[in-house]
Amino acid sequence: KAGVTQTPRYLIKTRGQQVTLSCSPISGHRSVSWYQQTPGQGLQFLFEYFSETQRNKGNFPGRFSGRQFSNSRSEMNVSTLELGDSALYLCASTPPGHGTGELFFGEGSRLTVL
Amino acid sequence: DAKTTQPNSMESNEEEPVHLPCNHSTISGTDYIHWYRQLPSQGPEYVIHGLTSNVNNRMASLAIAEDRKSSTLILHRATLRDAAVYYCILRDVPYSGAGSYQLTFGKGTKLSVIP
Numbered sequence: 356k357a358g359v360t361q362t363p364r365y366l367i368k369t370r371g372q373q374v375t376l377s378c379s380p381i382s383g384h385r386s387v388s389w390y391q392q393t394p395g396q397g398l399q400f401l402f403e404y405f406s407e408t409q410r411n412k413g414n415f416p417g418r419f420s421g422r423q424f425s426n427s428r429s430e431m432n433v434s435t436l437e438l439g440d441s442a443l444y445l446c447a448s449t450p451p452g453h454g455t456g457e458l459f460f461g462e463g464s465r466l467t468v469l
Numbered sequence: 112d113a114k115t116t117q118p119n120s121m122e123s124n125e126e127e128p129v130h131l132p133c134n135h136s137t138i139s140g141t142d143y144i145h146w147y148r149q150l151p152s153q154g155p156e157y158v159i160h161g162l163t164s165n166v167n168n169r170m171a172s173l174a175i176a177e178d179r180k181s182s183t184l185i186l187h188r189a190t191l192r193d194a195a196v197y198y199c200i201l202r203d204v205p206y207s208g209a210g211s212y213q214l215t216f217g218k219g220t221k222l223s224v225i226p
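Each protein sequence line maps, in turn, to chains A and B. If you're matching positions, the first sequence starts at 356 in the numbering used here and goes up one per residue. If you're matching positions, the second sequence starts at 112 in the numbering used here and goes up one per residue.
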């Protein structure tokens, strides 16, 4: 069974540009969440999508946005990039049904903003 | 989510047991205790979770104090592959299993395994 796939794995952008990151969840998983990881702030929750609807949002500026498609694939977008947006962006998916919501993480997309 | 406290770092010798502590004195009755670990250059990986009783799986054991204010993740025989940052997280899960799957990560414990 394929895991969570994130693309691209690495990318370099310059300040002011925008970036789109993609996440393909495990087949059958309908919840997708995004996290930002930096050395200073650690892992921080960005937002979560379920059935194409944003269900929860972390404390990030409006430059950070996302969406989910009908096949559960998700994208996140960061506009007007700043140096501080350099981070590892992690996507996680969750299986449906009962349970405590174990998250399955991808390997992340490492963004460097110059 | 309620807060957890973990030591910043720990060391263990290879093939010896490791006990990783976590304090969560403000835990509520519906909070599950989750453990994740993050190996270098990888995303976090689920390890184990529990509510009140001790739990065992192929990766580790979770010992939960009777008052639930602390827990310990036990790796029975540390290997070099267990060197990672271990996160203890509390998560309130509604009985229905619905709700947002948001985890609040702390700094975690960086485990070093000495050959």
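Source of the hints: derived by calculation from the structure; they are not laboratory data. You may find that some hints are simply not true.
Taking lysine-lysine pairs in the DSSO-like style, the calculated list, with each CA pair at most 30 Å apart, reads [to be verified]:
1. Lys114(B) - Lys180(B)
2. Lys221(B) - Lys114(B)
3. Lys180(B) - Lys412(A)
4. Lys218(B) - Lys114(B)
5. Lys114(B) - Lys368(A)
6. Lys368(A) - Lys180(B)
7. Lys412(A) - Lys218(B)
8. Lys218(B) - Lys180(B)
9. Lys368(A) - Lys412(A)
10. Lys114(B) - Lys412(A)
11. Lys180(B) - Lys221(B)
Checked hints:
1. Lys114(B) - Lys180(B): At roughly 11 Å apart (the allowed maximum being 30 Å), Lys180(B) and Lys114(B) satisfy the hint.
2. Lys221(B) - Lys114(B): With Cα atoms ~18 Å apart, Lys221(B) and Lys114(B) stay inside 30 Å; holds.
3. Lys180(B) - Lys412(A): It holds: about 29 Å lies between the C-alpha atoms, which stays within 30 Å.
4. Lys218(B) - Lys114(B): Between Lys218(B) and Lys114(B) the Cα gap is close to 11 Å, so the pair holds against 30 Å.
5. Lys114(B) - Lys368(A): 35 Å, violated
6. Lys368(A) - Lys180(B): 45 Å, violated
7. Lys412(A) - Lys218(B): Holds: Lys412(A) and Lys218(B) sit about 21 Å apart, inside 30 Å.
8. Lys218(B) - Lys180(B): 19 Å, holds
9. Lys368(A) - Lys412(A): With Cα atoms ~25 Å apart, Lys368(A) and Lys412(A) stay inside 30 Å; holds.
10. Lys114(B) - Lys412(A): 19 Å, holds
11. Lys180(B) - Lys221(B): Given pair Lys180(B), Lys221(B) holds - Cα atoms ~22 Å apart, limit 30 Å.
Hints 5, 6, counting from the list given before, are not met by this structure.
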